[in-house]
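Undergrad: With these hints in hand, go ahead and build the complete structure from the sequences.
Chains as they are written, first to last, in our numbering: chain A, 84 to 221; chain B, 708 to 852.
Accuracy of the hints is not assured; some may be wrong.
To be verified - Below, in silico cross-link-like pairs of lysine to any residue (SDA-like), each with a Cα-Cα straight-line distance of 25 angstroms or less:
no. : chain 1 : residue 1 : chain 2 : residue 2
1   : A       : 204       : A       : 151
2   : A       : 203       : B       : 724
3   : A       : 139       : B       : 724
4   : A       : 139       : B       : 709
5   : A       : 203       : B       : 725
Claimed, not checked - Partial list, derived from the structure: chain A residues whose beta carbon lies under 7 angstroms from chain B:
no. : residue
6   : 176
7   : 177
8   : 178
To be verified - What follows is a list of derived Cβ distance ranges for each label pair:
no. : chain 1 : residue 1 : chain 2 : residue 2 : range
9   : A       : 98        : B       : 799       : 51 to 57 angstroms
10  : B       : 784       : A       : 98        : 46 to 52 angstroms
11  : B       : 744       : A       : 196       : 28 to 34 angstroms
12  : B       : 751       : A       : 122       : 51 to 57 angstroms
Keep in mind that the hints were calculated from the coordinates and are not lab data.
C-beta: ideal position from N, C-alpha, C; glycine also.
What follows is each chain in one-letter form.
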Amino acid sequence: MSAQQIDEWQIDPDAVRAEWLQTLDSLIADVQAWSVAEGWTVTHRTVEIIEDALGKYEAPALTIETPSGAVWLEPIARFVMGAPGRVDLSAYPTMFRVMLLPNGEGGRWRIRTDSGIYIKKPWNAETFVDLALDLSGA
Amino acid sequence: MSHRLIRELVLIREEFTATRASITYVLRIWSMRHDEAEIAGQKLGATQQANDNLEATYLVRVFARFEAILRDHFPAAKPNVDVPEAAAILIDQLGAHYRIPAAIRSDVHAVRRYRNAVAHAHPGADVVLFADAMATLNRYLAWLP
Numbered sequence: 084m085s086a087q088q089i090d091e092w093q094i095d096p097d098a099v100r101a102e103w104l105q106t107l108d109s110l111i112a113d114v115q116a117w118s119v120a121e122g123w124t125v126t127h128r129t130v131e132i133i134e135d136a137l138g139k140y141e142a143p144a145l146t147i148e149t150p151s152g153a154v155w156l157e158p159i160a161r162f163v164m165g166a167p168g169r170v171d172l173s174a175y176p177t178m179f180r181v182m183l184l185p186n187g188e189g190g191r192w193r194i195r196t197d198s199g200i201y202i203k204k205p206w207n208a209e210t211f212v213d214l215a216l217d218l219s220g221a
Numbered sequence: 708m709s710h711r712l713i714r715e716l717v718l719i720r721e722e723f724t725a726t727r728a729s730i731t732y733v734l735r736i737w738s739m740r741h742d743e744a745e746i747a748g749q750k751l752g753a754t755q756q757a758n759d760n761l762e763a764t765y766l767v768r769v770f771a772r773f774e775a776i777l778r779d780h781f782p783a784a785k786p787n788v789d790v791p792e793a794a795a796i797l798i799d800q801l802g803a804h805y806r807i808p809a810a811i812r813s814d815v816h817a818v819r820r821y822r823n824a825v826a827h828a829h830p831g832a833d834v835v836l837f838a839d840a841m842a843t844l845n846r847y848l849a850w851l852p
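TA: Rendered as structure tokens:
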């Protein structure tokens with residue numbers, strides 16, 4: 084996926100949606116593997132997303148049961164300001180969260196807090212486990 | 708069902724964070740771009756004031772939605788009882804009905820007191836941050852069927 088901002092009115096919606104869903108599938112697969120490695124239960128589900136440029140579509144999501152509570156991994160939209168997509172990692176039910184924003188470099192994700200601070204850690208198993216426990220334990 | 712109720716509050720958070728980001732951006736570019744059509748004629752002081760009051764403004768919004776959810780829910784929980792006028796009684800009666808832990812109810816009352824302080828410009832209540840208010844109200848809603 085290109086990190087360059089795409090004009091959402093001059094796109095091929097089917098192609099962009101397919102690429103976005105591929106990006107999400109890869110993220111979901113990583114998070115599932117990292118969760119299972121911790122012995123956490125993972126439930127697959129879908130969320131309905133409606134975007135002006137892409138229409139209505141179903142996207143994959145996860146519910147992860149950590150020892151300190153449930154965490155949701157849910158895609159929010161492909162078209163957001165400042166990034167080519169957004170996925171929220173949220174604790175349930177508090178909905179404390181961080182945003183995952185693709186940076187377009189080899190499937191990497193940037194981690195942004197609600198305060199607008201970027202967490203300067205790579206998106207990997209260790210970071211995910213720390214975030215999931217911190218969010219669900221808050 | 709509580710998932711659906713919680714998502715209603717999440718929608719208000721989306722508005723809050725989008726508005727905060729927009730105001731923060733405008734304040735950052737003000738010195739260079741204050742003649743842009745969308746912001747021409749606006750006072751810098753008023754924009755800063757809006758920024759300062761944003762958390763409290765949206766806390767009032769999110770609590771109003773929470774209270775409306777409880778009012779909608781009450782007749783199903785207690786069909787033969789009038790919906791209480793006072794938010795405090797509403798919170799306690801539904802809390803007792805669904806055996807919501809006292810600590811959660813107490814936290815919700817702290818949010819309610821701060822909401823009242825903001826809405827009526829009546830200082831005295833402890834400040835509650837928007838994110839903490841959301842978390843508190845969601846913990847309560849999670850007990851509703």
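Undergrad: Next step is simple, just say for each hint if it's right about the structure.
TA: So, going through the hints one by one against the coordinates:
1. A:204 to A:151: holds (22 angstroms)
2. A:203 to B:724: Roughly 21 angstroms between the alpha carbons, so the hint for residue 203 of chain A and residue 724 of chain B holds.
3. A:139 to B:724: holds (23 angstroms)
4. A:139 to B:709: Roughly 24 angstroms between the alpha carbons, so the hint for residue 139 of chain A and residue 709 of chain B holds.
5. A:203 to B:725: Satisfied, since the Cα-Cα distance of roughly 23 angstroms is no more than 25 angstroms.
6. 176: holds (4 angstroms)
7. 177: Hint holds; residue 177 of chain A Cβ to chain B Cβ min 4 angstroms, cut 7 angstroms.
8. 178: Holds, because the Cβ-Cβ distance from residue 178 of chain A to chain B comes to roughly 6 angstroms (cut-off 7 angstroms).
9. A:98 to B:799: 51 to 57 angstroms: Taking Cβ atoms as reference, residue 98 of chain A and residue 799 of chain B lie about 55 angstroms apart, which means the hint holds.
10. B:784 to A:98: 46 to 52 angstroms: Between residue 784 of chain B and residue 98 of chain A, where Cβ atoms are some 49 angstroms apart, the hint holds.
11. B:744 to A:196: 28 to 34 angstroms: holds (32 angstroms)
12. B:751 to A:122: 51 to 57 angstroms: holds (54 angstroms)
Taken one by one, the earlier hints all hold for this structure without exception.
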